[in-house]
Amino acid sequence: MAKPNKLKPVRQGSSIKLADYNPADKSGFWDEPTTHQHTEQYTRQIGELQSLLYAQGTQALLIVLQGMDTAGKDGTIRRVFDHVNPMGVHAVSFKSPSELERQHDFLWRIHRAVPPRGSLGIFNRSHYEDVLIARVHAEHLLPPALQHHKHIWRDRFARINDFERLLVQTNTRVIKFFLHISKQEQKLRFLARQQDPTKNWKLSKADFTERPFWDHYQRAYEKALSNTSTSHAPWYIVPSNHKWVRDYHVARIIYEALRDLNPQPRKQSDPSLIKLKFK
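Mapping the sequence shown onto this note's numbering, position 149 (from 1) lands on 264, and the numbers just tick up by one.
Calculated directly from the structure, the hints in this document are not laboratory data.
No experiment lies behind these values; they were computed from the predicted model shown.
There's no promise every hint is true.
Said to hold, decoys possible - Derived lysine-lysine pairs resembling BS3-like cross-links, with alpha carbons at most 27 Å apart:
id, residue 1, residue 2
1, K302, K314
2, K118, K141
3, K394, K298
4, K320, K141
5, K141, K210
6, K141, K302
7, K358, K314
8, K314, K132
9, K265, K188
10, K210, K302
11, K358, K121
12, K302, K132
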């Protein structure tokens with residue numbers, strides 16, 4: 116059986132409607148156990164290429180994971196990066212900004228977390244929170260001076276595109292994943308957390324208070340995806356109702372991105388060391 120079709124990036128400037136994307140799509144896939152085997156192959160290759168990226172030390176790859184609560188950002192990280200060397204990975208989970216961070220522009224805390232060359236960077240949530248939750252709850256999360264700014268979102272999209280272009284120009288490739296689940300699937304995952312004592316800790320009041328804003332978030336994501344998927348920093352909409360489908364798509368795209376970087380170990384700066392004999 117041939118491989119499932121590779122996900123296509125969101126076309127720059129396109130008008131995205133998430134209702135057009137089936138979050139339960141598994142068409143063209145093998146059965147779940149076979150898919151796990153193929154995903155495992157990709158994750159091992161990711162580990163091998165990440166070691167070369169670390170040894171080369173001149174390029175970086177930044178992976179952005181976004182999605183509604185329970186979409187599987189943590190699970191994706193655990194599964195896809197199972198074989199990487201932690202020394203060469205910089206994973207950051209962005210929570211609500213601190214008081215210090217609020218005193219700066221919205222990209223300040225993000226730029227500080229960009230992975231150094233030679234590394235994989237993983238953003239669990241990211242600068243996109245400032246055009247998502249900040250848009251849904253603008254009256255609470257935007258500074259008063261910006262709440263009635265006519266072009267605030269257009270301007271923020273432009274700043275994000277400029278920021279990501281800068282990263283690419285300085286040898287950090289950027290790929291972004293929206294983990295797409297249905298509202299019903301989210302409810303089932305919340306219920307599973309309620310019923311599993313080992314996962315109760317994951318629940319928060321926000322899980323209940325944010326559910327009524329589902330449609331608002333979907334529209335905010337549509338705007339963000341449409342305005343910030345570029346040739347240098349593309350978005351991929353990943354069907355994520357089935358975790359094994361999600362993991363396969365993400366692993367395949369990351370593997371191919373690393374392969375295209377073609378990392379090669381740097382040469383020894385002192386060739387004489389290669390000829391020295393150990394006593």
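Consistency of the hints with the structure:
1. K302 <-> K314: Holds - the C-alpha atoms of K314 and K302 are around 15 Å apart, at most 27 Å.
2. K118 <-> K141: Status holds; Cα separation ~12 Å.
3. K394 <-> K298: 66 Å, violated
4. K320 <-> K141: With Cα atoms ~32 Å apart, K320 and K141 exceed 27 Å; violated.
5. K141 <-> K210: Answer violated: K141 to K210 is near 32 Å, above 27 Å.
6. K141 <-> K302: 20 Å, holds
7. K358 <-> K314: 17 Å, holds
8. K314 <-> K132: Violated, at about 32 Å.
9. K265 <-> K188: 33 Å, violated
10. K210 <-> K302: Between K210 and K302 the Cα gap is close to 22 Å, so the pair holds against 27 Å.
11. K358 <-> K121: Given that 27 Å is the threshold and the Cα spacing comes to 16 Å, the pair holds.
12. K302 <-> K132: 21 Å, holds
When each numbered hint is compared with the structure, violations occur for hints 3, 4, 5, 8 and 9.
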